[in-house]
Amino acid sequence: MNAFLALADATDCSGGSGKYSSEWSPTGMYLHVGLNLLVLFSASTTLSTPYDVRMIAMDLNYTLQWAWSDSQLNDSANFTAAYTFWNIKDDERSYKYVCTSSRKHWCDFTPCKLYFKASFQIRVRAEAAGKYSNWTRLRFTPDEDGLLGPPSGVNMQGDVEMVILNISKSVMNSLMKLQYEVQYYEQQQPDLKHMKIYNDPYAPLTSLKPWTEYCVQVRVFNKDYSKSSSFTSPQCVSTTGRRVVWLKMLSVLCCVLLLGAVVYICCRLRRKISVYQTPNSILGLPLDHPPLLEAHELSCSIIFVSAPTPWLESSQLLLQEQDGTGKFQAVSCQGSNSSEQDSGIGSGEES
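Numbering-wise, my numbering puts 113 at position 113 of the sequence shown, and it's gapless, one number per residue.
You may find that some hints are simply not true.
As the list claims (entries may be wrong) - Listed next, the in silico EDC-like pairs over lysine to aspartate or glutamate satisfying Cα-Cα at most 16 angstroms (straight line):
1) 223 with 161
2) 177 with 59
3) 209 with 224
4) 193 with 181
5) 177 with 159
6) 104 with 127
7) 169 with 186
8) 117 with 145
9) 104 with 52
10) 104 with 70
11) 209 with 161
12) 227 with 59
13) 209 with 143
14) 196 with 181
15) 223 with 143
16) 117 with 144
17) 131 with 70
18) 169 with 70
19) 227 with 91
20) 223 with 181
21) 117 with 224
22) 117 with 159
23) 177 with 161
24) 227 with 127
Source of the hints: derived by calculation from the structure; they are not laboratory data.
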């Protein structure tokens, strides 16, 4: 303000004396008021700068965010964001513009693929009605300011007294050595937690209880950079037990059922064979020795033949001549009490 007053006084000096006039003229007064109004108008039309500027860095994803407000423009400004290396931040030509005249209050720097171990200067300003705000600057170093993100996925498989984990690899594996911290607990006892650390994404949890449901959470960390991610959401899976005893029992049961089926089939076949009828053509054939209808005693008499006496021989010859047959006939009596005959044939009962 004093400079403008001095400029106004200098314009009002007289040409003859070469000294400043000690009295105010109407023209000088109007010029003084106009300059004051110009200063006030210029100050009131300057855009407010973005504030609360920060870089949200997760793994290799970088997003610049800021806040801005102006009651006169109703927050209708556009924004421009750019970056350069920190050591050449004073060179205006080195800046690369990422977002230009954007209405959003954020800008994605991920496609820029910022070097992980470098340091950058980030800047952003507001634009409206042909006017620009001052730049708001931010220093950003990815390996120091960036955070590690949790694993994108954890594949779990329950096995015999164990749980097998296959953890998805992080994009940061190519930039730093990552380790995996696994936190697990029984679902029925969430306060009793256990921790295990693995160097590889393949992480088997052994010596667990059979037929028990376990919940697992995983995070990654790096000791050199002192960085660690947040834990993943809990995932639960059940373990299994040994099935050897059950398999043996099942095998025995199958054998018993198979044996029972064989016995049943044999019995059915035997019944069918036992009731098989002999064909009528076979039943009608005569038998050489018909079976006895009932058991009985067969008694036979013993006979003895003795030489005939001379007088008997003459009698027999006489009989043959009468019959004309020329054959000798002997008569025997059956039974145990038959009488002797005069023919000379006697039973064996004679003494």
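Each hint, compared with the structure:
{"no.": "1", "hint": "223 with 161", "in the structure": "32 angstroms, violated"}
{"no.": "2", "hint": "177 with 59", "in the structure": "13 angstroms, holds"}
{"no.": "3", "hint": "209 with 224", "in the structure": "36 angstroms, violated"}
{"no.": "4", "hint": "193 with 181", "in the structure": "12 angstroms, holds"}
{"no.": "5", "hint": "177 with 159", "in the structure": "29 angstroms, violated"}
{"no.": "6", "hint": "104 with 127", "in the structure": "12 angstroms, holds"}
{"no.": "7", "hint": "169 with 186", "in the structure": "26 angstroms, violated"}
{"no.": "8", "hint": "117 with 145", "in the structure": "11 angstroms, holds"}
{"no.": "9", "hint": "104 with 52", "in the structure": "15 angstroms, holds"}
{"no.": "10", "hint": "104 with 70", "in the structure": "15 angstroms, holds"}
{"no.": "11", "hint": "209 with 161", "in the structure": "6 angstroms, holds"}
{"no.": "12", "hint": "227 with 59", "in the structure": "11 angstroms, holds"}
{"no.": "13", "hint": "209 with 143", "in the structure": "42 angstroms, violated"}
{"no.": "14", "hint": "196 with 181", "in the structure": "6 angstroms, holds"}
{"no.": "15", "hint": "223 with 143", "in the structure": "13 angstroms, holds"}
{"no.": "16", "hint": "117 with 144", "in the structure": "8 angstroms, holds"}
{"no.": "17", "hint": "131 with 70", "in the structure": "13 angstroms, holds"}
{"no.": "18", "hint": "169 with 70", "in the structure": "45 angstroms, violated"}
{"no.": "19", "hint": "227 with 91", "in the structure": "33 angstroms, violated"}
{"no.": "20", "hint": "223 with 181", "in the structure": "12 angstroms, holds"}
{"no.": "21", "hint": "117 with 224", "in the structure": "14 angstroms, holds"}
{"no.": "22", "hint": "117 with 159", "in the structure": "43 angstroms, violated"}
{"no.": "23", "hint": "177 with 161", "in the structure": "30 angstroms, violated"}
{"no.": "24", "hint": "227 with 127", "in the structure": "38 angstroms, violated"}
The structure is inconsistent with the numbered hints 1, 3, 5, 7, 13, 18, 19, 22, 23, 24, although it conforms to all the rest.
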